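These protein sequence lines map, in sequence, to chains A and B. Sequential numbering of the first sequence, starting at 1, is according to the working numbering. Sequential numbering of the second sequence, starting at 1, is according to the working numbering.
Please keep in mind that the hints were generated in silico from the structure rather than gathered at the bench. Zero decoy hints are in this set.
Pair ranges (Cβ atoms, derived):
| # | chain 1 | residue 1 | chain 2 | residue 2 | range |
| --- | --- | --- | --- | --- | --- |
| 1 | A | I77 | B | E39 | 25 to 31 Å |
| 2 | A | P61 | B | G16 | 41 to 47 Å |
| 3 | A | K65 | B | A29 | 27 to 33 Å |
| 4 | B | K71 | A | T86 | 29 to 35 Å |
| 5 | B | G96 | A | S82 | 27 to 33 Å |
| 6 | B | P111 | A | I77 | 43 to 49 Å |
The model shown is predicted, which means the values in this text are computed figures rather than measured ones. Even glycine gets a Cβ: it sits at the ideal position worked out from N, Cα and C.
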Amino acid sequence: EAQVTQNPRYLITVTGKKLTVTCSQNMNHEYMSWYRQDPGLGLRQIYYSMNVEVTDKGDVPEGYKVSRKEKRNFPLILESPSPNQTSLYFCASSLSGSKRYEQYFGPGTRLTVT
Amino acid sequence: GESVGLHLPTLSVQEGDNSIINCAYSNSASDYFIWYKQESGKGPQFIIDIRSNMDKRQGQRVTVLLNKTVKHLSLQIAATQPGDSAVYFCAETPQGGKLIFGQGTELSVKP
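From just these sequences and the hints, can you work out the full model?
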């Protein structure tokens with residue numbers, strides 16, 4: 001089954017404790033992206049990757065890191081999480097070119113930082 | 001900064017009626033405009049996109065209209081069904097792989 005998977009689905013952590021949210025897709029997609037969703041603010045793009053070893057900042061990259069060493073994986077790293085990073089996070093993937101916006105989204109990761 | 005906004009945060013329609021969801025965008029240089037649907041508890045789902053050199057594009061029961069003069073985008077859903085109940089987001093693409101989303105419109109379909 002074609003899908004985007006995220007782990008963990010739910011996470012409660014404390015300020016300053018490094019964490020990684022994994023994202024994996026099995027569709028051989030070139031493009032991958034991370035978003036956060038907050039009430040009243042909609043979806044905001046954190047980072048995106050057009051292909052392996054190519055990453056770029058989205059609208060809200062501060063406090064996050066990403067890497068794209070393999071085509072299928074695009075982990076989101078929070079080196080020192082803070083309470084303002086409490087949010088619902090989505091990973092998405094798509095083909096490149098004109099199909100870039102037909103994005104497939106993962107089920108989301110609900111993160112709480114206390 | 002760049003922003004994409006929606007005229008109405010909520011829309012309630014009768015089953016079988018047509019729905020129109022509106023969106024204003026701000027960046028004239030955006031190349032693509034996209035509509036996504038998000039059902040409760042799920043990730044967004046792609047509905048349809050339109051390139052900036054087009055005015056209209058039709059899909060299955062959906063039509064997207066683009067008016068670049070007034071920077072306005074709309075999504076029309078024909079014969080709205082209960083399964084169409086969701087939050088609908090528009091998005092624009094100001095550069096490269098960047099994507100800017102609007103805040104969403106909640107569509108409620110009454111049986």
